[in-house]
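For this one, chain A is given, so just place chain B on it according to the hints.
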Amino acid sequence: MKYFSLVWAGLWRKKTRTVFTMISIVVAFLLFGLLQGINQGFSVAMRTLDVDRLYVSARTGMTDGMPISYLQRIRNLPGVRAVSLWAYFGGYYQDARKVVPAFATDAAELFKVYKEIKIKPEYLAAMEKTRTGVLIRDTLATQYGWKVGDRIPIGTSIWTNKAGSNTWEFDIVGTFDASAYGMGFPAFYLNYSYFDEARSFGTGQVHYYIVSIQDPKQADRISREIDAMFANSSVETRTQTEFALAQSQLKQLGDINFIANAIVGAVLFTLLFLTANTMMQSVRERTSELAVLKTLGYSDTKVLLLVMTESLLLCLFAAALGIGLAAVVFQSPALQKLFGNFSMPTLVMMMGAGIAVAVAFVSGFPPAWRARQLNIVDALAGR
Amino acid sequence: MTALVTLRNVTKSYVRGKQKVEVLHGIDLTIEPGEFLALMGPSGSGKTTLLNLVAGLDQPTTGEVLVAGDRIDQLSRGSLSDWRARHIGFIFQFYNLLPVLTAEANVEVPLLLTNLSKSERRRRVQVALELVGLAERARHKPNELSGGQQQRVAIARAIVSDPTLLVCDEPTGDLDRQSAEEIMNLLTALNRSHKKTIVMVTHDPKAAEYASRELHLDKGLLTNDTRRAA
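Here the protein sequences come in this chain order: A and B. Counting in the numbering used here, the final residue of the first sequence is number 383, and the numbers go up one at a time with none missing. Counting in the numbering used here, the final residue of the second sequence is number 230, and the numbers go up one at a time with none missing.
Isolated chain A (complex conformation):
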């Protein structure tokens, strides 16, 4: 600790160079924190997914419909606690760029299946009474400035109603809080019974059945039984757990883990050369100063450690700033909306610290070794 002033002073010998190097490290670790944080965020979000929920879709693809008659047959299976449904509505508000992730559902059953989502009983009751009623996620209400009691026009590029219009009018009867679920929970629900009666085609079709089971250990058995029940029918089914479904959807975005690691790897590799160059220049410029330290009795090892500490301090300080910034960015409304109540995982912080130490060691060791090997007489003579 008593050498701190010596190390700190050495680090700031060329302020501009140190600041620029530090900015590079901060940016690299900000990127690392964000990408790894998002990556970990997905993993954490996936782990929170319920294991006692199954998703049934048409085997040919999740955009193909299944008959509504499947609902009761699935409900009758032993071990099934509740079943709800989703039918894509594909909505937008005012223009097609303002997407509204709307689904038709059986709201009373839906909130039995998703127990973690908070909704007031009076909103559910209102939904049951109001055929054109919709329940919306609180974040969506905030986004568009909607409130309970508003009548809103929602367009759809898929469904024409029997009046021949693509714009449907709905009454907001309630809101719900899905923060406990995190990302990916649809934000807009209309009554399936109303939707099915009002649409001009595709009646009696459903895109997903969401099945809540009593015992998660029975997930495989029930999945097999559901698929077996509809085998060789006009629409065969594919049943997956929530975790498996989320994984297959994420894979459509590409291998996030690979992309994150590849970008971070490239950035850190470049950083290694940048930091090594800074440290090397810094030591080269201080040849006579390091020789003076050795003259005064600083051993070769002590000089090596001083330079290594300088490199370590530079990398750790800047990495902490970068990861700290990433943690702040994670608190931004945009990411909170995506991940729910999510903060920078400790694992990412620890990985960042580990990488900073590794970068410091790899980039700091060659100049530190050079300083260690410095011959006092030659260095003082400027040779």
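If you're looking for bench data, these hints aren't it; they were derived computationally from the structure. Using N, Cα and C, we set each Cβ at its ideal position, and we do this for glycine too. Be a bit skeptical, because a hint or two may be false.
[What the hints assert, rightly or not] Pulled a few chain A residues facing chain B out of the computed Cβ check, cut under 7 Å:
no., residue
1, M1
2, K2
3, R13
4, L296
5, V377
[Claimed, not checked] Taking lysine-lysine pairs in the DSS-like style, the calculated list, with each CA pair at most 30 Å apart, reads:
no., chain 1, residue 1, chain 2, residue 2
6, A, K14, B, K141
7, A, K129, A, K98
8, B, K18, A, K2
9, B, K141, A, K2
Below, chain B without anything else, positioned relative to chain A:
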């Protein structure tokens, strides 16, 4: 009286390219405690090489170097570092202060190697700076000080750990006449009042006049050894 420094048949040669250059040829020398020795001679005569051997910065090719009771020619690099920290105070021609540190921080640098507490280190730094007359410039960085003041800070750094021997390599070589006189007066005071043994390399006959003994080197051989009455 036991000699503080004894050199016996010391030679030093370097290999430069493919050529072996012998800089010192069989030097025998003793320096008594409390002496102020001026080493003089033309460029390339081996003055600085001899000073480096006495200070433990370099090792002889052959011969013995005994300083403060230690055979320093037999010490390893690591042991020699510790030995220098305990026994030697250095004063360079170009001061060689660390530019990013204040005067007091520069003076503290040798003390960081000791087990002294922070408050004790501060006290000693203060005493050393007062001794060289620069206590009021303690917070100034080297580039805020004149050449003479920087050399005073370097002297404070050299004496702060109370070394056995002060070695000075052209301490006035970069100074104007007045600053040079001030520095030589300071070194003389350290020698006379504080009984510091000083070995000084110089080209300057005026600086050499302050020493109690003058030694001349030429082509790696001692040619003249003159003692002055105090």
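Evaluation of the provided hints:
1. For M1(A), the shortest C-beta to C-beta distance to chain B is roughly 10 Å, which exceeds 7 Å, and the interface hint is violated.
2. Interface hint at K2(A): satisfied, since its Cβ lies 5 Å from the closest Cβ of chain B, which is below the 7 Å cut-off.
3. A hinted interface residue such as R13(A) counts as satisfied when its beta carbon comes closer than 7 Å to some beta carbon of chain B; here the least separation is about 5 Å, so the hint holds.
4. Interface restraint check for L296(A): the shortest CB-CB distance to chain B comes to about 5 Å, inside 7 Å, so the restraint holds.
5. Because the smallest distance between the Cβ of V377(A) and any Cβ of chain B comes to about 5 Å, under 7 Å, the interface hint for this residue holds.
6. Only pairs whose Cα atoms come within 30 Å are accepted, and K14(A) paired with K141(B) is accepted, the gap being roughly 15 Å.
7. Only pairs whose Cα atoms come within 30 Å are accepted, and K129(A) paired with K98(A) is accepted, the gap being roughly 28 Å.
8. Distance check on the hinted pair: K18(B) and K2(A) sit about 45 Å apart at the alpha-carbon level, beyond 30 Å; violated.
9. Taking the CA atoms of K141(B) and K2(A), the gap is about 20 Å. The hint holds against a cut of 30 Å.
When the structure is compared with the earlier hints, violations turn up for hints 1, 8 and for no others.
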